[in-house]
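Chemist: When you get a sec, could you build the whole thing from the sequences and use the hints?
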Amino acid sequence: MSEEILINITPMESRVAVVENGVLQEVHVERTLRRGIVGNIYRGRVVRVLPGMQAAFVDIGLARAAFIHAAEISQREGAAVESINALVREGQTLVVQVTKDPIGTKGARLTTHLSIPSRYLVYMPRTSHVGISLKIEDEAERERLKAIMARCVESEGIEHEGGFILRTAAEAAREEDILADIRYLRRLWQQISGNLQGPTPVPIYEDLTLALRALRDLVGPRTEKIRVDSRENFQRIGQFVEELMPEVATRLEHYPGERPIFDLYGVEDEIQKALERKVLLKSGGYLVIDPTEAMTTIDVNTGAFVGHRNLEETIFKTNLEAATAIARQLRLRNLGGIIIIDFIDMEDEEHQRQVIRTLEKQLERDHAKTNIIGITELGLLQMTRKRTRESLSQVLCEPCANCQGRGILRTAETICYEIFREILREARAYQANSYLVLANQKVVDRLLDEESGNVADLEAFIGRTVKFQVETMYSQEQYDVVLL
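Quick note on numbering that gives the first Met the number 0: the sequence shown kicks off at 0 and runs consecutively.
Simulated from the structure, these hints should not be mistaken for lab results. There may be inaccurate statements among the hints.
Heads up, simulated PhoX-like pairs for lysine-lysine below, C-alpha to C-alpha not over 20 Å straight-line [unchecked claim]: (1) Lys134 with Lys145; (2) Lys385 with Lys360; (3) Lys385 with Lys368; (4) Lys277 with Lys316; (5) Lys385 with Lys105; (6) Lys134 with Lys385; (7) Lys316 with Lys134; (8) Lys316 with Lys281; (9) Lys360 with Lys316; (10) Lys441 with Lys466; (11) Lys134 with Lys368.
Modeler: This is how it looks when you write it as structure tokens:
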């Protein structure tokens, strides 16, 4: 399976697309004015301790205080979680790292278990553990990597100076490359540790920009090309690759074309589709994806697909296609947290197992951690996907000003009846010669047409005339009643 990484950079924003066999699988967007802060390390100040929640709020210099749970505050390895009151106090300085960006109304999530990633390793200065990513499954390779780490740690004389985790990218890595990573991380930690004391709140380490993070985290053996459309940034990225990832230098190329790189690969169209609720399947079926504050629900429908043999076969084929499409949509939209999937009910248990296996297989390529929990008594599949940054729609969209993010509007009929009730309230409270209603065109049209009889009855009841005026700037739910 061929994979390409496209990097589009402008002064306002950076965008990275992962394209597999010509199909967009992931897109990451970082706006210059509001870069994500996951991975950043801060000297923060505890502003509030919450014993009931075993947590505290920490000021790290953002608009909202960040949140840290007692379990995320450094303690002895293997020890039980202590009371939050025994761990921190208000006004205390705390060196923390962001594990989740502020999302919606929730502040950033923090930990004091610091970790600094490089190409092949994650360095953890406050533990002594050496581990290997579970995604490296080959036992011989795991043993080889353990032996390499033991030799490197011994040669550097750093047995008691922090722990390491070998990332998935370390599979088949050479000893000299891993040793170079260890030295880079040690130099970086010495620089950070020199800034642990001082005033608060202050950032003391910032993670890489999106383009460099993409190279560090997304490039794998399947990646055939990394194309960058900005010459200036291509040179900067080339420098980074030369220092930290020389093995991918031959795959890095500058795209000088007149046509925008995202247009060339059809990425712009796919981004627009990824913001819609409905996802069409090739068979004629479709998905409906609804992210909410608590969870994301995905409904699978057969739509126009009626199959060739029987209903059960039709349902099975639709669900199989949906499982593949869902795995792609989760990556593409960067949906996280609890995800509930309502596949079309299947009577055959073997069909159920095959659909779940297909979903699991497709999720193996996902860079975010996923966990399929199983099917509930109601036949809904439960799963989770690790959420660290905002979803694509949260980055690119905002709640509708007209419906306040509900996704629905009160009908013109409903607004008419609200206006009648408002006029009755005003008539009881104030003396007026007449009333003027300012409203949206659709509402005024209804008042003068279908509701004209009710308007006449209302005028007779209050003994006053009611006039109407169209306000073109008003949404369907907006109106004002003015006393004349």
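Chemist: All hints are to be evaluated individually against the structure, with a verdict given for each.
Modeler: Cross-check of the supplied hints:
1. Lys134 with Lys145: holds, 15 Å
2. Lys385 with Lys360: Distance ~17 Å between lysine 385 and lysine 360 Cα, so the pair holds.
3. Lys385 with Lys368: OK: lysine 385 and lysine 368 at ~5 Å, within 20 Å.
4. Lys277 with Lys316: holds, 19 Å
5. Lys385 with Lys105: holds, 16 Å
6. Lys134 with Lys385: holds, 16 Å
7. Lys316 with Lys134: Distance ~29 Å between lysine 316 and lysine 134 Cα, so the pair is violated.
8. Lys316 with Lys281: Holds: lysine 316 and lysine 281 sit about 11 Å apart, inside 20 Å.
9. Lys360 with Lys316: Measuring from Cα to Cα gives roughly 16 Å; hence the hint holds.
10. Lys441 with Lys466: Given pair lysine 441, lysine 466 holds - Cα atoms ~15 Å apart, limit 20 Å.
11. Lys134 with Lys368: Cα-Cα ~10 Å, so holds.
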